[in-house]
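Undergrad: Here are the chains, one letter per residue:
Number of protein chains: 2
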Amino acid sequence: SKIKPVSYGKRGMTLEEDVNDTNNYYLSRGLAVIHKKPTPVQIVQVDYPKRSAAVIKEAYFKQASTTDYNGVYKSHYIDFEAKETKNKTSFPLQNFHLHQINHMKQVMEQGGLAFVIIRFSTKEETYLVHGHSIFKWWNRMECGGRKSVTYEEITKEGYFIKTGLTPRLHYLPIIDQWLLQPVLQKESEE
Amino acid sequence: SKIKPVSYGKRGMTLEEDVNDTNNYYLSRGLAVIHKKPTPVQIVQVDYPKRSAAVIKEAYFKQASTTDYNGVYKSHYIDFEAKETKNKTSFPLQNFHLHQINHMKQVMEQGGLAFVIIRFSTKEETYLVHGHSIFKWWNRMECGGRKSVTYEEITKEGYFIKTGLTPRLHYLPIIDQWLLQPVLQKESEE
Ligand SMILES: [Mg+2]
Ligand SMILES: [Mg+2]
Chain A
4 SKIKPVSYGK
14 RGMTLEEDVN
24 DTNNYYLSRG
34 LAVIHKKPTP
44 VQIVQVDYPK
54 RSAAVIKEAY
64 FKQASTTDYN
74 GVYKSHYIDF
84 EAKETKNKTS
94 FPLQNFHLHQ
104 INHMKQVMEQ
114 GGLAFVIIRF
124 STKEETYLVH
134 GHSIFKWWNR
144 MECGGRKSVT
154 YEEITKEGYF
164 IKTGLTPRLH
174 YLPIIDQWLL
184 QPVLQKESEE
Chain B
4 SKIKPVSYGK
14 RGMTLEEDVN
24 DTNNYYLSRG
34 LAVIHKKPTP
44 VQIVQVDYPK
54 RSAAVIKEAY
64 FKQASTTDYN
74 GVYKSHYIDF
84 EAKETKNKTS
94 FPLQNFHLHQ
104 INHMKQVMEQ
114 GGLAFVIIRF
124 STKEETYLVH
134 GHSIFKWWNR
144 MECGGRKSVT
154 YEEITKEGYF
164 IKTGLTPRLH
174 YLPIIDQWLL
184 QPVLQKESEE
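Residue numbers (my numbering), protein chains in the order written: chain A, 4 to 193; chain B, 4 to 193.
Any given hint might turn out to be false.
Since the list gives no way to pick out one identical chain from another, each pair is judged satisfied if it fits inside one copy or across any two copies.
[Claimed, not checked] Pairs of lysine-lysine, PhoX-like flavour, derived with a Cα cap of 20 Å:
{"id": "1", "residue 1": "Lys-53", "residue 2": "Lys-39"}
{"id": "2", "residue 1": "Lys-40", "residue 2": "Lys-65"}
{"id": "3", "residue 1": "Lys-65", "residue 2": "Lys-39"}
{"id": "4", "residue 1": "Lys-40", "residue 2": "Lys-165"}
{"id": "5", "residue 1": "Lys-126", "residue 2": "Lys-91"}
{"id": "6", "residue 1": "Lys-53", "residue 2": "Lys-65"}
{"id": "7", "residue 1": "Lys-60", "residue 2": "Lys-159"}
{"id": "8", "residue 1": "Lys-89", "residue 2": "Lys-53"}
{"id": "9", "residue 1": "Lys-150", "residue 2": "Lys-60"}
{"id": "10", "residue 1": "Lys-150", "residue 2": "Lys-91"}
{"id": "11", "residue 1": "Lys-159", "residue 2": "Lys-91"}
{"id": "12", "residue 1": "Lys-150", "residue 2": "Lys-77"}
{"id": "13", "residue 1": "Lys-165", "residue 2": "Lys-150"}
{"id": "14", "residue 1": "Lys-39", "residue 2": "Lys-60"}
{"id": "15", "residue 1": "Lys-86", "residue 2": "Lys-159"}
{"id": "16", "residue 1": "Lys-60", "residue 2": "Lys-108"}
{"id": "17", "residue 1": "Lys-108", "residue 2": "Lys-91"}
{"id": "18", "residue 1": "Lys-65", "residue 2": "Lys-89"}
No lab work stands behind these hints, which were simulated from the structure alone. All values derive from a computational prediction rather than experimental measurement.
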């Protein structure tokens, strides 16, 4: 077995950094209160040294039962997952777990807003995709259809998020559009 | 230093169990989607054994930057902390960190609902206390006043939560009252 120091900065890091940075900006400006949830860990053994901080000596990663981000924006409950892929032509649905999909459905049924921020990292393009679209594609897979979403589908149903300096991923304007027209109407508009 | 297996069930456990149990009940009935956030941990070293799960070998507890629970109820963003005290006559405000108070303020400013569930464990009494009351008492302390809230103050401004079997701590009816009359009016009603 190999013992490694934790290296942040692998798969998915850049998008997560951009989202966290954007949320910090929103928080500091009073625009929204959205936080990333801590990584769920099952703690097995803790060492309590005298006169210093407790050290966790044995713990395991647990599967998250919800999505990574949630919070409040203009009184609305917001809930989302951020996912990155190196694929150029499609986004694999195996990036989600069934319980994350179920959680997003529960959120929508309770009147919250669930969505996913998807980045095609090689193309450097980021899209905000409504939960309804994700459920549709998930359903298609469960009915024997393709196990991924094509790049074209995501560009058609998703909303392109411009990358900038401050904030890096200004996604709230897309939410504003949705709040004004609660039922997703992008397709019918076109 | 002493190495100990993690013992759940110390200080504060019973209230947390009751709240988690209640939230599971709400989730299963489609009444609300409220989850406890994972304990924040700073991971330093991970062992990747061949053919078995990654083991966290060194990690430290981090201070939470938000409250423990949040979610969505009837489209509303809900955010709260659950705290237990063995004191009989007062609840010490040192149970909160400044950043938790600030987080609750940010939530309220964004139109969310922030509150605290406080249990006097020796009396076996549990109260739901609106963020406004907590801010008022926190402010009093910061202006040189008492560092705790008296039991009488909590019974006067808080809402008694009946304990039952299923769910154990049915707190949503109190939220319903608040949603019908957004400005806290308990005092003026009396
Ligand atoms: Mg994730
Ligand atoms: Mg806590």
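Undergrad: Confirm or reject each hint.
TA: Right, here's what the structure says about each hint:
1. Lys-53 - Lys-39: For Lys-53 and Lys-39, neither the intra-copy (32 Å) nor the inter-copy (30 Å) Cα distance is at most 20 Å.
2. Lys-40 - Lys-65: both (13 Å within a copy, 13 Å between copies)
3. Lys-65 - Lys-39: Result: close both inside a copy and across copies, 16 Å intra and 14 Å inter.
4. Lys-40 - Lys-165: Classified as neither: same-chain Cα gap 25 Å, cross-chain 30 Å, threshold 20 Å.
5. Lys-126 - Lys-91: For Lys-126 and Lys-91, the Cα distance is within 20 Å only inside one copy (7 Å; across copies 61 Å).
6. Lys-53 - Lys-65: between (29 Å within a copy, 18 Å between copies)
7. Lys-60 - Lys-159: Neither, since 48 Å and 45 Å both go past 20 Å.
8. Lys-89 - Lys-53: Neither: 47 Å inside a copy, 26 Å across copies.
9. Lys-150 - Lys-60: neither (39 Å within a copy, 36 Å between copies)
10. Lys-150 - Lys-91: Classified as within: same-chain Cα gap 15 Å, cross-chain 58 Å, threshold 20 Å.
11. Lys-159 - Lys-91: Classified as within: same-chain Cα gap 15 Å, cross-chain 61 Å, threshold 20 Å.
12. Lys-150 - Lys-77: neither (35 Å within a copy, 33 Å between copies)
13. Lys-165 - Lys-150: Answer is neither; intra-copy 28 Å and inter-copy 48 Å both fail.
14. Lys-39 - Lys-60: Neither. Shortest intra-copy (25 Å) and inter-copy (24 Å) distances fail the 20 Å Cα cut-off.
15. Lys-86 - Lys-159: Result: close within a single copy only, 18 Å intra versus 47 Å inter.
16. Lys-60 - Lys-108: neither (37 Å within a copy, 36 Å between copies)
17. Lys-108 - Lys-91: Cα proximity of Lys-108 and Lys-91: none, with 28 Å in one copy and 43 Å across.
18. Lys-65 - Lys-89: Classified as neither: same-chain Cα gap 25 Å, cross-chain 32 Å, threshold 20 Å.
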